[in-house]
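Chemist: For the protein sequence lines, the chains are X and P, in the order given. Under our numbering, the residue at position 194 of the first sequence is numbered 469, and the numbers go up by one with no gaps. Under our numbering, the residue at position 408 of the second sequence is numbered 497, and the numbers go up by one with no gaps.
Rather than coming from a laboratory, the hints here were simulated on the basis of the structure. For clarity, every value in this text was computed on a predicted model and none was experimentally measured. Treat each hint with caution, since some may be false.
Listed next, the in silico DMTMM-like pairs over lysine to aspartate or glutamate satisfying Cα-Cα at most 25 Å (straight line) [claimed, not checked]:
#: 1; chain 1: X; residue 1: 549; chain 2: P; residue 2: 297
#: 2; chain 1: X; residue 1: 549; chain 2: P; residue 2: 514
#: 3; chain 1: X; residue 1: 566; chain 2: X; residue 2: 522
#: 4; chain 1: X; residue 1: 392; chain 2: X; residue 2: 431
#: 5; chain 1: X; residue 1: 392; chain 2: X; residue 2: 536
#: 6; chain 1: X; residue 1: 392; chain 2: X; residue 2: 410
Covered stretches of chain X (chain P as the covering partner; in silico rule of three or more C-beta atoms under 8 Å from a C-beta of chain P) [stated by the list, open to error]:
#: 7; region: 344-355
#: 8; region: 362-372
#: 9; region: 377-384
#: 10; region: 444-452
#: 11; region: 458-472
The beta carbon of each residue, even a glycine, is placed where N, CA and C say it ideally should be.
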Amino acid sequence: MTRLSLSRRRLLQTGGGALGAAAFGLRPGRLAAQTAVNFQLSWLHSVQFGGSYIARDRGYWTDLGLAVALNPGGPNAPVEPPVVAGNAIMGISAADYTAAAVAQGAPFKIIAVAMQKNPFAISSLPDSPVNAPADLEGRSIGMATANTPVLRALCDINGVDFDAIEIVPTQYDAAPLMNGQVDCILSWATDLPVAMIVQGADPIVMLMADHGHSVHSQTYIVTEETLANDRATLVALLRGEVMGWTDYHADTDAAAALTVEMFPDAGLDLETQKLQAARQVPLMFSDLTAKNGFGWFTDDTVAANVETLALLGQTVSPDLWDRSILEEVHGT
Amino acid sequence: MTTAVQSPRWHRPASAHLRTAAGIAGALVAWELAAVRLDGSFLLAGPVDVLAHIAIHAGLMWRALTVTLWAATLGFVFGNLAAIMLAAVAILVPRLERPIQALALLVFCLPLVATGPILRVLYGPGIGPQVTLAALACYYTTFVPLLVGLRAAPATWFDLVTSYGRGSWARLVHVRAFACMPYLIAGLQIAAPAAFLGAMIGEFTGAERGMGVLAIRAMRGLDVDATWALATIAAAVSIAAYAAIGWAGRRLWPDRPAMILATSPMTGGRRPRSAAVAALATAAVVLVGWQVAMDAAGLNPFFAKRPGDVWDFLVTHAAAAEHRAQLFAALGQTLGYTLPGYLAGLGLGAWLACVFVTWPGVAGTALPLAVALRSIPIVTTAPLIVLALGRGPAGTITIVAVMIFFPTLVACIQGLRQAPGQVLDVFDSYATGRWRTLLLARVPAMLPALFAAARMAVPAAILAVTVAEWLATGTGIGNLMALTASTSNYNMLWSAIVILTLVSFAAHVVVGALERAVLRVYAPEQVAR
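Work the whole structure out from these sequences, hints included.
Modeler: This is the structure we're talking about:
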C-alpha cells in the first residue's frame, strides 16, 4: 500500500512538474529527460549545505538531467532510514554514523567526503581557556553523553587523564558555557561557537581534528545497490554537487546570501550564515582537495579514519569507502 | 448561591474579570522580573523583549504559526474523530472494549523518537508526520474521558430507552451522547495544547518551515528572545483554543449534571481466567499486527524491526544478557524519575482543582496561568527547569509533574462540577461548610474523572520523562533511544519501545485495579456492565 502511494506521489510530482514546465514554456525535450531524485540532508536548511543550494540555483543539476529535491533533516530525522528505504538516493552522514549503520546490517558506501576535517570542537571562554587537550584536566565539559567515546578517544590519543574531566550532560547547548555552568562545551565548530560570537562572546575553539581525531564528516552515502545499478545518476548528482561547492569556495558570502534568500521561512540570520560559511571552508577545503577536487579522499585518509574509529570502538573495513564515482566526476 | 459555587466561570461579575486581569498583570510583572534577574544566562526572555521580537519578525512568525497550526488542527480533528469512533465502538460492542482500550494505550505509548523517523519514511516530504504526531499526541486524552462520560448517565434514562423497546444504538444516540458532552469538552480542552506540541515535535523529523523549525534554530543560536517568543505564541494559541472549546461547551451544554444513582453491580467482575484469555488474545493481535503492518508497508528491517528481531536481541542473541542489562539499567533510572513526578503531578492537579472549585475567585486568576504553564512547549521550559533545580532528579521530576498536572486539573475540575445539583442543594440547605461539601459531595463525584486522569497520565508521564531525557538531561531510556540516531542500533530502540509499553500497561493495570475497587463504592455506574 505504501509502495502504491509512493509511486503515486512520484507520479503526481512528475506530472505536476511537466504541467508546470508546459505553463512556463520550458523546452519539453530537456525536461522529459529529467530524472527526479531525493537528496537527504543531515540537518535543517542552512549554509551547511550551501554548495548544494548553488548547484540547484544555478541549474547545474538541471543541465545534467536531474531534478533534485533537497530534503531537510532535523533533531529527530536520522539520515540512514530514508536512504536504506530508497526514499532518497543519497544522504549526508558521517564516517562514524555510517560505520555504525553498516555494523547493524545497512549496505552503505561512502562515495565522497565534504568535511575532510571533523567539525567536532571544544569551545571555551578566554577567562578559562582550553587551548590543548591537556587543558581539559580538572575542567568541566558540557556535552551530550552520547559523545563520551569521542572525548575518551581524544584523551587516549593525547595522553590526557580522562577521569580528571568532569562531564556535565548538557546535551547540545551553548547556554551552560555562556552562563558559567561549565568550563567548556563539545559541539561542532560551525554552529554553537558561531552563535556565541554573534551574541558577543569571544570563544576559543579547539578543533579535535587538529589533535588526532580523524573522522570524515558530512560524507555522501549511498546503498551498494544504488552504487551498482544507478551509477550515471550518482555521477551526475555528485558532479553538480562538486560544481556547487567549488563556487561556494570562491564566494562564501554569496552562498550565505543565497541560503537566506532560498529559505525565507527557516529563520536564518544573514550575518550568522556568512560567519558559518567562512568557518566551514578550512574543514572542507585542503591541499588534498586543491589538488584532486572537492570531496576527495585517499587510502591514507581512510586509514587514519579506520584508526580513529577503532579507538571509538568501531571495527571498520577500508571497503566502506568507494571512490569510483568521484574518480569519474573528476575525470581521473 | 448554589449556581455561583456550581459554575464559577459561567456568570461572572465584573469584579471577577478585574481579578483575572490583575492576576495576569501580576504574572507578567513576575515574568519580567525573573527575566531581568536571569539576564545574561541565555535562558529566559521577559515579555518586553518577547513582544519586541514578535513585532520585528511578525511576518516570519506568522508564516511559521500558520504552517504549524494547520498541521496541529488537522491532527486535532483526525485524532479526536478517531477517539470518538473508538469510544463509540467500545460502548456499542462491550466485548471489544478491553482490546480497544489496550490498543489505544499501546499506540499512545509509542515514543516520538521512534515513530518520527518511520513516519517520515512512510510519508516522504510534507506535513504528514506532523499531522500524525499531533493526532497521536491528543487522541488518547479524549478517548479516556469520553469512555467515562458515555457511562455517566442515570440508570433511569437507560430504563426509559429500554421501555420503548430500543437497543444499544438508541442508548448511545439519545442518552450516552448527551451524558458524555462535558467529558468530551474537557477531553478536547486537554487535546488542544497536546496537538500543537505534537505538530511542533513532528517538525523535528525534517521540515522546511514551522514553529518547531524556528524553535530548534533559536535554541541552537542562543537566541533567547526568539525562543521565548515562539514559546509565548505556542502558549497563546493553546490558551485561545482551550478557552474557545470551553466557551463552546458551555453554550452547548449549560445544564446542571443529573443525579446518577446506580446500584452496585451484581456481577462480581470478570472471572480471572477469561481476563487472562482476553489479555493473551490482545497480545497475539498486537504481535501479528506489528509484523503484518511492517511487511505490508514494505519497511526495511534495518530500521523497522519485527517482533522476532526484538526477541532475538533480548533473549536468544549471544549478547542478550548484556543488552538486557543496558536496557534495564536505563529503565530503572527513568522510572526513578517518573514515579515521583507522576504522583506529584496527579496530587497537584487534584489539589488545585479542589481549590479552584471551592474558591472560584482563585480559579479566575490561576486557571489561565495553569493553562499557560502547560502550554509552553516542554522543549523550552526543560532547560530553565534544569537550571533552577539542577540536572539531578528534581529537575526531571518537576518536568514530569508539570506535563501531567494540567490534564489532571482539567479532568478533576470537570469531575468536581459533576456533583449532582440536588445533592449540593441538600448540603446548601443545611448550610454545610465549603470543605465538608467538597469532601462529602464533590470529591466522590470527582473520583471517576481523577482515575481517568490517572490512567491518561501513565503514558503522558513516560512521554514527558523520555522527552526531557532526550532533550535536556541525557540520561535514562529516553537518551538510550535517542542514541539510535548515531548508532543505528534499532534493535535497542525497538526493545526500549516494547519494554516501555509493557511498563505502561502494567502501571495501567495497577491504576485500573485501584480504580475499580474505589469506584465500586463511589461511582458504581462506571464499573457496571
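Chemist: With reference to the structure, classify each hint as holding or not holding.
Modeler: How the hints compare with the structure:
1. Proximity of residue 549(X) to residue 297(P) is assessed by CA-CA distance (about 20 Å); at most 25 Å being required, the pair is judged to hold.
2. A threshold of 25 Å between alpha carbons decides the hint, and for residue 549(X) with residue 514(P) the separation of about 71 Å lies outside it, so the pair is violated.
3. Between residue 566(X) and residue 522(X) the alpha-carbon distance is near 16 Å, which keeps this suggested pair within the 25 Å criterion.
4. For the suggested pair residue 392(X) and residue 431(X), the alpha carbons sit about 19 Å apart, so the restraint of at most 25 Å is met.
5. A distance of roughly 28 Å separates the Cα atoms of residue 392(X) and residue 536(X); the hinted pair therefore is violated under the 25 Å criterion.
6. Taken as a hint, the residue 392(X) and residue 410(X) pair is honoured in the structure, with Cα atoms around 22 Å apart against an allowance of 25 Å.
7. Coverage of a stretch by a chain is defined here by at least three residues with a beta carbon nearer than 8 Å to that chain's beta carbons; for the region 344-355 of chain X and chain P the count is 10, and the condition holds.
8. Residues of the region 362-372 of chain X with a Cβ under 8 Å from some Cβ of chain P number 3, which satisfies the need for three, so the listed coverage holds.
9. Look at the region 377-384 of chain X against chain P: 4 of its residues bring a Cβ nearer than 8 Å to a Cβ of that chain, three or more, so the hint holds.
10. By the rule of at least three residues with a Cβ nearer than 8 Å to a Cβ of chain P, the coverage given for the region 444-452 of chain X holds, with 7 such residues.
11. For a cut-off of 8 Å, the count of residues in the region 458-472 of chain X with a CB near a CB of chain P stands at 4, and the three-residue condition holds.
In the structure shown, a violation is registered for the earlier hints numbered 2 and 5, in ascending order.
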